[in-house]
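Q: Can you make the complete structure from the sequences, with help from the hints?
Keeping their order, the protein sequence lines are chains D and R.
Residue numbering for the first sequence follows the numbering used here, beginning at 1 and increasing consecutively.
Residue numbering for the second sequence follows the numbering used here, beginning at 1 and increasing consecutively.
Bear in mind the hints are in silico, worked out from the structure with no lab data behind them.
Because the structure is a prediction, the values reported are computed rather than measured.
It cannot be assumed that every hint is accurate.
What follows is a list of derived Cβ distance ranges for each label pair [unchecked claim]:
1. Ser91(R) <-> Gly23(D): 43 to 53 Å
2. Ile5(D) <-> Ser91(R): 14 to 24 Å
3. Phe24(D) <-> Asp161(R): 16 to 26 Å
4. Phe24(D) <-> Phe85(R): 43 to 53 Å
5. Arg84(D) <-> Leu34(R): 40 to 50 Å
Note that the Cβ used here is the ideal one computed from N, Cα and C, for glycine as well.
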Amino acid sequence: MVTVISIMTAGIVIGLFVRNMNGFLKIMDRLIILAIFLLLFFLGVAVGVNEMIIQNLGSYGLIALLLTLGGVAGSVVLALLVYRGFFKRER
Amino acid sequence: MKNSLLIVGFFIAGILGGYYSLLPSIILETDISLYVLYALMFFVGIAIGANRKTWSVIRKARIRIFLVPLTVVLGTFAGVVITSFFINSISVRESLAVGAGFGYYSLSSVLIGQLRCEALGVIALVSNITREIITLLVTPFLAQYFGKLAPIASGGATSMDVTLPVITRYVGSEYAIIAVFSGIVLTILVPFLVTFILTV
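A: Next up, the structure:
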């Protein structure tokens, strides 16, 4: 897992040097979306062959929904406090 | 939008292929997905480094604007930790990893699926897609009752692209730049935070 962060940091450093090359970013975006398609396909395959995950898809969905509601609620409430404390009065 | 449908399409195609054993077993027996992940992280890094717009937006930002992505991170983490106390089958660490997707479902789900387990990857995928959809739906309500930062907070990493139009419409264009900034910072943070949470 250290590998993941090291690889990405190396990428950032290389990116800083190649930023003047035209069209480079577009190629990267293409490669990124391609890699993501592939990886989600593989994730799907791993899920499909795993009987236990297939049987539990419903409860995973429910857990996901609850976590989303919790995360959104937490960030929205804190955003209200920060808005009132630091942003609103300037207007 | 076209891409998000494609992304879900690839995922579902994978499930069907795996479930009905339509694929050569080599896909499962090799580490090919791990190497694709490494390649992905390398490309993501290059894209971050090479993106002039990203760096100029961040460089021009005043200190106060950094409060917004910070708010999203801390608020989301507090929310998912509290939620995880009510769910027996998921640990605090796993909940934090799912929350650290901030709506960036494609990257966070494959990363979590690879670093932890497929089941959590699925949860991350569904949870973060839902975050995007919820934001699209409730932005008018949030803007009215929770202040102009609330839709930006709800959108997380998506506030720089997918949810930006609806957010801009309800909080005004002077807050649109904050939405873009917050989305950019969170998008960069996702791979670091997810990896960090699952490793430490």
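Q: Look at the Cβ atoms of Phe24(D) and Phe85(R) and judge whether their distance stays inside 43 to 53 Å.
A: Given a distance of about 46 Å, which is inside 43 to 53 Å, the answer is holds.
Q: Given a hint of 40 to 50 Å, does the C-beta separation of Arg84(D) and Leu34(R) actually sit inside it?
A: 46 Å, holds
Q: Does the Cβ-Cβ separation between Ser91(R) and Gly23(D) fall within 43 to 53 Å?
A: Between Ser91(R) and Gly23(D), where Cβ atoms are some 44 Å apart, the hint holds.
Q: Check the following: the C-beta atoms of Ile5(D) and Ser91(R) are separated by a distance inside 14 to 24 Å.
A: Holds: the Cβ-Cβ distance is about 22 Å, inside 14 to 24 Å.
Q: Does 16 to 26 Å hold as the CB distance between Phe24(D) and Asp161(R), or does it fail?
A: 20 Å, holds
Checked against the numbered hints above, the structure violates none of them.
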